[in-house]
Amino acid sequence: DTGVSQDPRHKITKRGQNVTFRCDPISEHNRLYWYRQTLGQGPEFLTYFQNEAQLEKSRLLSDRFSAERPKGSFSTLEIQRTEQGDSAMYLCASSWGQGFYTGELFFGEGSRLTVL
Amino acid sequence: EDKVVQSPLSLVVHEGDTVTLNCSYEVTNFRSLLWYKQEKKAPTFLFMLTSSGIEKKSGRLSSILDKKELFSILNITATQTGDSAVYLCAVGNAGGTSYGKLTFGQGTILTVHP
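In order, the protein sequences belong to chains E and L. Numbered according to our numbering, the first sequence spans residues 1 to 116. Numbered according to our numbering, the second sequence spans residues 1001 to 1114.
Because the hints were derived from the structure by calculation, they are not lab data. A few of these clues could be false.
[As the list claims (entries may be wrong)] Only some residues are given here: those of chain E computed to face chain L with a beta carbon under 10 Å:
(1) Y35
(2) Q37
(3) Q41
(4) G42
(5) L105
(6) F107
Beta carbons: idealized from backbone N, C-alpha and C, even for Gly.
Build the full structure now, drawing on both the sequences and the hints.
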């Protein structure tokens, strides 16, 4: 299957611990996105990359969050010193785009984080 | 800041009914409007609309965009229990470095009873 894959699918951690999520996009896609979704809400934009460049980061994203896409392929999202409010589903998506054109986003199954 | 508002927030119907889901938006540099279906996991793509007045259709689902009034509707005819899901509307921004970004609404929860 050549869809977007995320790992781990579920993560339970204690407050204050660091967690890291990995996303492998569809191989021919140059754009990669991270979203966060809480119950009853739509996905909330966190950040996105074109190839290895991080082009935009949400103002809502605190300094505890960092994302990388070192070789323009897979990406990692790290949350340091987790808080209970970080509990959510973290969705990764990818698309192909050139200039102002972006095709539809294809989403992964998500990584569900529970902070105790 | 870009904003997407969907209505109703939830809807309960019986099989065979027709439903209309609404999406209104405010975006600084409109690029596109997308509809997704989410069934307990990843959102799956339904439609992308960029031009006013042109209906996109796929089976029992159809959607249209009005760029003057800044809204879109998603119609589902002859609903089935398998249509039960959260339907998400999102808008794409063509400005600055935001051209890749989608802003989502809160979704409409559709429940179809047999």
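Output the numbers, in ascending order, of every earlier hint that fails for this structure. none
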